[in-house]
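Enquirer: Using UniProt numbering, the letters of the sequence shown map in sequence onto residues 1 to 232.
It should be emphasised that the hints constitute simulated quantities derived from the structure, not laboratory data.
Quick reminder that beta carbons are idealized off the backbone N, C-alpha and C, glycines included.
Each hint should be verified, as a subset may be incorrect.
Between beta-carbon pairs, the in silico distance windows are [unchecked claim]:
hint : residue 1 : residue 2 : range
1    : T162      : K133      : 16 to 22 Å
2    : H216      : E138      : 39 to 45 Å
3    : G211      : K133      : 22 to 28 Å
4    : D198      : S167      : 21 to 27 Å
5    : D59       : H215      : 19 to 25 Å
6    : K65       : P214      : 24 to 30 Å
Calculated pairs, EDC-like style, for lysine to aspartate or glutamate (alpha carbon to alpha carbon, straight line, at most 16 Å) [claimed, not checked]:
hint : residue 1 : residue 2
7    : K68       : E53
8    : K155      : D100
9    : K68       : D52
10   : K103      : E60
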Amino acid sequence: MHFREEVILDEAQKQNLESRTPELAQLILYLQSRKKKCTKVPNIRIWEQYIDETIDILDEVVGVKVCKTKTSQGYQLYVKNALKIQHDTSDENHCYSEKDRAKYGLLIAILMFIYMMRRPGSLTYTVSENSLKSFLKEMGIVENSCFGNQADLNKLLGAAPTAEFISQGWLTFTKETDESGCDIITYDWGPRAKSVVDPMTILRIYCTMDGSVPHHWGLHYQEAQIAVARNG
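Construct the entire structure; sequences and hints are all you get.
Expert: See the structure below:
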């Protein structure tokens with residue numbers, strides 16, 4: 001969901017705040033259920049004025065936590081509890097299909113790979129497409145194969161705005177051209193992942209697999225601690 005730069009409201013527009021806020025709340029919940037973004041809405045710049053109040057209402061009244069991220073395209077809103085990294089109970093597991101568990105297991109693995117490959121202190125988590133492909137190959141997953149006999153990998157994370165992990169904000173990609181005319185594609189955590197995924201949890205999952213402990217990872221651990229303190 002995108003919102004453009006700030007605008008100045010006149011008195012009549014300010015009086016519409018109470019009616020607009022519930023409308024925006026309904027729009028957020030509807031689009032979240034449909035897994036869609038809001039890109040074309042009449043007077044969309046006006047909606048920005050109601051974002052913060054709507055976020056508070058959804059949290060206090062409905063119990064849905066929404067985070068706001070500023071990007072070059074404007075604001076993006078994401079439901080904060082949309083990604084389950086661990087399912088602790090059999091009842092909760094029962095709510096997810098095998099396809100969903102496999103899909104988000106893959107997503108968590110990719111986010112973990114990108115996070116652990118980055119240089120600590122860097123502002124981005126960028127990895128090359130070739131590095132990501134090598135990682136997926138080591139996991140036994142290859143491009144254009146069916147993942148878990150359910151979904152084509154390109155539909156999940158291909159370098160296209162319509163790919164599921166891209167369109168939902170979990171991953172972003174950049175595409176440049178080198179001197180020989182070949183595409184150079186890199187992947188990064190998307191604005192949604194940066195807003196809702198706890199780096200400390202990702203680090204601990206990796207350490208469980210690696211047999212190490214989080215604080216052995218020096219700067220990764222330090223940055224994860226900072227993220228925990230910042231996000232409360």
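Enquirer: Now look at each hint and say whether the structure bears it out.
Expert: Status of each hint after checking the structure:
1. For the pair T162 and K133, the supplied restraint of 16 to 22 Å holds, since their beta-carbon distance comes to about 19 Å.
2. At roughly 22 Å, the beta carbons of H216 and E138 sit outside the given window of 39 to 45 Å.
3. For G211 paired with K133, a C-beta distance near 26 Å keeps the hint of 22 to 28 Å intact.
4. The supplied range of 21 to 27 Å is met by D198 and S167, whose beta-carbon atoms lie about 23 Å from each other.
5. In this structure, D59 and H215 break the distance hint of 19 to 25 Å, their C-beta atoms being roughly 33 Å apart.
6. The hinted window of 24 to 30 Å between K65 and P214 holds, with their beta carbons roughly 25 Å apart.
7. With a C-alpha separation of about 12 Å, the suggested pair K68 and E53 falls inside the 16 Å cut-off, and the hint holds.
8. Restraint check for K155 and D100: satisfied, since their Cα atoms lie roughly 14 Å apart, inside the 16 Å limit.
9. For the hint linking K68 to D52, the alpha-carbon distance of about 8 Å falls within 16 Å, and the restraint holds.
10. This hinted pair does not check out: K103 and E60 have alpha carbons roughly 31 Å apart, beyond 16 Å.
Taken one by one, the earlier hints fail for this structure at numbers 2, 5, 10, listed in ascending order.
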